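S.K.: Spelled out, the chains give:
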Amino acid sequence: MSRYGRADIAALVEEDRVHRDVYVSAELFALEQRHFFANTWTYLGHASQVPEPGDYITVEIAGRPLLMVRQADRGIRVLYNRCAHKGAQLVTDAAGHLGRTIRCPYHAWAYKLDGSLLAVPAQAGYDGTRLKDCETGRGLSAVKHVAIYRDFVFVKLSDAGPGFADYFGDVLPSLDNLADRSPQGRLRVEGGVLRNVIHCNWKMYLENVNDTVHPLSAHESATAAAKALWAGQPDDAPKPMAMEQILPFGAGFEFFDRMGGRVYANGHSVLGVNFSIHSGYGGLPAYEAAMTAAYGEKRAQAILQQSPQNAVCFPSLAVKGSPQVVRVIRPLAVDRTLIEAWSFRAEGADEVLFQRSMTYNRLVFSPMSVVAHDDVHLFETIQRGLNAGGNEWVSLHRDFNRAELDQETQTVNGANEILMRNQFRAWVKFMTLTMDE
Amino acid sequence: MDERHLFEFIAHEARLLDERRWDEWLALFSDDGRYWVPLAGAAQADRDTHNSLADEDRLLLSLRIERLKNPRAHSEHPPTRCQHVLQPPSMLRQDPDAGACELHTPFIYFELRGERKIVLAGSYRHHLVRAAGQIRIRLKRVDLLDVGSALPAIQLFP
Chain F
364 MSRYGRADIA ALVEEDRVHR DVYVSAELFA LEQRHFFANT WTYLGHASQV PEPGDYITVE
424 IAGRPLLMVR QADRGIRVLY NRCAHKGAQL VTDAAGHLGR TIRCPYHAWA YKLDGSLLAV
484 PAQAGYDGTR LKDCETGRGL SAVKHVAIYR DFVFVKLSDA GPGFADYFGD VLPSLDNLAD
544 RSPQGRLRVE GGVLRNVIHC NWKMYLENVN DTVHPLSAHE SATAAAKALW AGQPDDAPKP
604 MAMEQILPFG AGFEFFDRMG GRVYANGHSV LGVNFSIHSG YGGLPAYEAA MTAAYGEKRA
664 QAILQQSPQN AVCFPSLAVK GSPQVVRVIR PLAVDRTLIE AWSFRAEGAD EVLFQRSMTY
724 NRLVFSPMSV VAHDDVHLFE TIQRGLNAGG NEWVSLHRDF NRAELDQETQ TVNGANEILM
784 RNQFRAWVKF MTLTMDE
Chain L
17 MDERHLFEFI AHEARLLDER RWDEWLALFS DDGRYWVPLA GAAQADRDTH NSLADEDRLL
77 LSLRIERLKN PRAHSEHPPT RCQHVLQPPS MLRQDPDAGA CELHTPFIYF ELRGERKIVL
137 AGSYRHHLVR AAGQIRIRLK RVDLLDVGSA LPAIQLFP
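Protein chains in written order, with my numbering: chain F, 364 to 800; chain L, 17 to 174.
Hint data in this document are derived by calculation from the structure and do not stem from the laboratory. Since the model is a prediction, treat every value here as computed from it, not as a measurement. It is possible that some hints are incorrect.
Here are a few chain L residues that sit away from chain F, every Cβ distance over 12 Å (derived from the structure) [stated by the list, open to error]:
| hint | residue |
| --- | --- |
| 1 | L22 |
| 2 | H93 |
| 3 | P104 |
| 4 | R141 |
Simulated crosslink set (BS3-like; lysine-lysine; CA at most 30 Å straight-line) [claimed, not checked]:
| hint | chain 1 | residue 1 | chain 2 | residue 2 |
| --- | --- | --- | --- | --- |
| 5 | F | K507 | F | K475 |
| 6 | F | K507 | F | K495 |
| 7 | F | K449 | F | K507 |
| 8 | F | K792 | L | K133 |
| 9 | F | K602 | L | K85 |
| 10 | L | K85 | L | K133 |
Chain F regions said to be covered by chain L (calculated; three or more residues, Cβ under 8 Å) [unchecked claim]:
| hint | region |
| --- | --- |
| 11 | 494-505 |
| 12 | 557-564 |
| 13 | 587-596 |
| 14 | 601-611 |
| 15 | 717-724 |
Ideal Cβ positions, reconstructed from N, Cα and C, are used throughout, including at glycine.
Using the sequences and the accompanying hints, generate a full structural model.
M.R.: If you want it as structure tokens, here you go:
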């Protein structure tokens, strides 16, 4: 029996601060796996990862092994990666091709791509048994709630909670802003995935995606080195792509505060509604002409001029329209989180955009990133620091205003910690949604 | 270039990293030298269609090294130490006319920081050139075995 009931969980999140248990309690993590990550919509993968019928990827979400499969009719289904018979995982590679059927390596039970049971060896042994009337006889279990938006595939594991469109609401245009950067409106995952394991609670990482106050101090060593190496260059000297991407991390507090932020119901946000460190990347006239031809001048400009710092599709996805990257947050344990950084090629767009996507991921989100080293170090020290005595609370007071409690969508200054408070308010909501008391 | 001399060069290069003598290490690279850790390891054909854990010219290597010297490189408290354990290199290719060669060196790399220890295995491919009487690195390619697995922060230079 858990010692955390609905009221206890609500008490962990005050209007302007959170209790350390949300980051360090293994018991709360187990409840998150059971309730929170089942009741929220989680990013699974991108449709371009399974282009042909029979293609699959395997992903683990909230401890559940899943299999996303391109169907014979070109639709996408998400199955639990567990043989109906004894539970063996049907496939164990990260990605691959199944052919026309799914065959379990243990006893050769075979399924259609949609998961229905096709054949069982030595079938006669099941004559007269109850096999066909139970879960096992129905074949592989499928995830019921699957939504595909601009080829981004999301799942919700529980029947509770809002439908896809209600859940994400007005943060979905952030995915449009990424997909629309292709004159053909289509993205392809390419260039591989950078996978990081960080010894911290997942919420610290996701909060930091919205933290505009840390770059100046946390990233001082990287930005100081970049500035020193670039010193003496004229203002209009063309920057190597790496310098173009790293130097803006050293922008001052004013810059980050003025970029502005917006929060939406259910924990979502867009940071950098006015501009961001990505706004200054060099123009590409041929690409802009292709965009104008595809969308008309007004819409093309609207797409290209919107370059938020990060949009958060709470709780699993952080999106950068430019430079076309997403980070996927996959909690592994209360103090261990997997962060995946994926690059996209915008079909029909300039090759430089794909190089920007890969370069940014490599410079900022690689296990070898000189920018991330200090972030990761800090997250890992917070995980340990919270075990200290004296103060059991983490501050989220910056720019708190009681009026924010009565509104959903709100546009604020970039340094306003409402972007984090909003995440925790949603955390309580989806954590307790399916709790009895 | 005689092989014994080249093999000593490879061992010397690793020792400079183990001793945190990064400026001397960087000086071993030619002006167009690169340090490359492809994401897909030995299977990776190029750096333009697939990403890398690191793909750095002298400018980016200098950035990495200058950052490590800054007392506010927070992750360097406590400082990271590393140890490269090398197998004897083998000569893959030699072009005496161009003064160039390619060497293959399997390794194990230990990195220690406070209580944390990581171990990586793989092999190097060094493209070496002779310039002004000196051996210089045109490419140090680091093919890790740990392809596809999630990695913790790697602070120094495998």
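S.K.: Would you mind marking each hint as holding or not holding in the structure?
M.R.: Quick rundown of the hints versus the structure:
Its beta-carbon lying about 27 Å from the closest one in chain F, L22 (chain L) satisfies the requirement of being farther than 12 Å from that chain. Residue-level check failed: H93 (chain L) sits 8 Å from the nearest beta carbon of chain F, not beyond 12 Å. Residue placement check: P104 (chain L) keeps its beta carbon more than 12 Å from all beta carbons of chain F (closest about 27 Å). Look at R141 (chain L): its CB is around 18 Å from the nearest CB on chain F, clear of 12 Å, so calling it non-interface holds up.
In summary, the hint linking K507 (chain F) to K475 (chain F) is supported, as the alpha carbons are separated by about 17 Å, within the 30 Å threshold. This hinted pair checks out: K507 (chain F) and K495 (chain F) have alpha carbons roughly 21 Å apart, not beyond 30 Å. Distance check on the hinted pair: K449 (chain F) and K507 (chain F) sit about 22 Å apart at the alpha-carbon level, within 30 Å; holds. Taking the CA atoms of K792 (chain F) and K133 (chain L), the gap is about 39 Å. The hint is violated against a cut of 30 Å.
Taken as a hint, the K602 (chain F) and K85 (chain L) pair is honoured in the structure, with Cα atoms around 24 Å apart against an allowance of 30 Å. For the hint linking K85 (chain L) to K133 (chain L), the alpha-carbon distance of about 21 Å falls within 30 Å, and the restraint holds. For the region 494-505 of chain F, the assignment as covered by chain L is violated, since 0 residues bring a beta-carbon within under 8 Å of that chain's beta-carbons and 3 are needed. For the region 557-564 of chain F, the assignment as covered by chain L holds, since 6 residues bring a beta-carbon within under 8 Å of that chain's beta-carbons and 3 suffice.
Coverage of a stretch by a chain is defined here by at least three residues with a beta carbon nearer than 8 Å to that chain's beta carbons; for the region 587-596 of chain F and chain L the count is 5, and the condition holds. Residue count for the region 601-611 of chain F with a Cβ under 8 Å from a Cβ of chain L: 4. That meets the three needed, and the coverage hint holds. Residues of the region 717-724 of chain F with a Cβ under 8 Å from some Cβ of chain L number 3, which satisfies the need for three, so the listed coverage holds.
Taken one by one, the earlier hints fail for this structure at numbers 2, 8, 11, listed in ascending order.
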